[in-house]
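Those sequence lines, one after another, are chains A and B.
When we follow the numbering used here, the leftmost residue of the first sequence carries the number 1, and every step to the right adds one.
When we follow the numbering used here, the leftmost residue of the second sequence carries the number 1001, and every step to the right adds one.
Simulated from the structure, these hints should not be mistaken for lab results.
Quick caveat: nothing in here was measured; it's all calculated off a predicted structure.
Treat the hints loosely; a few may be bogus.
Distance condition first, Cα-Cα at most 30 Å in a straight line; then the derived DSBU-like pairs of lysine-lysine [said to hold, decoys possible]: (1) B/K1027 - B/K1156; (2) B/K1027 - B/K1159; (3) B/K1156 - B/K1127; (4) A/K95 - B/K1123; (5) B/K1156 - A/K84; (6) B/K1011 - B/K1157.
Now for the letters of each chain:
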Amino acid sequence: MREEIIVSGRMNPMVDPHLQIWHWQIPLYLFLGGLAAGILFFAALFYINGKEKDNPAAVKLAPFLTPILLIFGLIALFFDLRHKAFFWQLYTNIKLQSPMSWGAWTLMVITPVSFIWCALHIKELLPKWDWKYDWLKALETFFNRYKKALAWVMLIYSVILGIYTGILLSAFNARPLWNTSILGPLFLASGMSAGAAAILILSRSKEEKRRFAIIDLIIIGIELFLIVHMFMGFLASTQVQIEAARLFLGGPYTMSFWIFVVIIGMIVPAVLEILELRKFHVPAVVAAILVLFGSVMLRFIIVYAGQASRWLY
Amino acid sequence: MRYAMAVDTKKCVGCSDCVVACQTENKVPVGYCRDWIVEVTDGTYPQLEMEIRSERCNHCENAPCVRCCPTGASHFAEGGIVLVTPNQCIGCGACIASCPYDARFPHPDGHVDKCTFCIHRIKNGLKPACAAVCPTKCIYFGDLDDPNSEVSVILKKRKSKTLIPEAGTVPHLYFLI
């Protein structure tokens, strides 16, 4: 038996014995951003294809959550920064090779767009709403005229936001668990699924609920496929990625990942949605809440486990 | 100009003088270090083999920390030295997560900190503090593009390795074996 003992004199806080540089702020932001991206995607999609009348919750109601989600996400990100006074440096630089720079600029576009989208629909939510100032009314007419263009911007940027939350992590070659291009599509799918779940909770229309239960079901199927694919990729890759996969296949994150993310967050809600579509009386809210829970857990577990995975030398 | 360092694992005794010299020279906060000692014991008793390495930032040619920095605070200075500009750093931690050698750490002041190859000393014709104090003279430093530099000469003469070259970082910290 070959033995290897490595002794290191290094004990830098937050780096040793293994990386702990990112805490709750980052996974929380990744969830809030992904959820907002999912909601805005469906709002834009059903507006562009002219189905807004059939999907009132998706197009008009659920987007009201997104400015709040994005603002809380931004606050979480701000809390993560250790040199807070210099945060504006993000917006005096464009670094094409840095996913975080892409993310910062994407948020700069999608946050105002989400506010504008809500402003265009506030009269339907609060019929007595009055903009008071003429210039605000002028702005409203202006954006109403270009609403279709706005919806396209929202559609494209919501996909960028959703996929970037995964790419942010997958760009780190130093953390083998994150270093898989599946993470982008997986986080995008998880965000879309969370968005569909949020719409499902808010919707009052039977037709719309049914539609989003089907959408959610399809996305959960895609997520499960991506997860299987991710582990196949890891196990067929280098030693460090095999070790990374072992964190979830017998290692310390096995129970939390498979139980909270896969079973409670994907398989159980999928079964509940199938039962509901088959006309059994299952409250749709239960499935939707489980999907949101699974979506949160996925981010937390991937962010924490990724920091425990490393190159061995 | 490409600055590089070579550490002789056969001569290094792991005394940690380089660590203390760095902490003193660069006013590294207490409890942190920019360079450190790794001792690897390998094999089965009694057939054991030991390697001692003085490690620090590898000043990679293809540095992931420079690539992922959203503000440009992490950058290449003259001679390929990877530096952090504190007043441009927002402390997001991306570069710390991106380093396969875990050579960076969050400075208590908020910005990210790491080895600078003592650029302030090199500019004055001095060696980095760790190389200057090493009692076994096992740390070689110089310009890879200059065939007569200390580091080029020793790398030609001796076998050497870099740490996890398969990470694709092209490190500039060599270990003589």
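For each hint, the structure was consulted:
no.	hint	result
1	B/K1027 - B/K1156	violated, 34 Å
2	B/K1027 - B/K1159	violated, 34 Å
3	B/K1156 - B/K1127	holds, 20 Å
4	A/K95 - B/K1123	holds, 29 Å
5	B/K1156 - A/K84	violated, 47 Å
6	B/K1011 - B/K1157	holds, 15 Å
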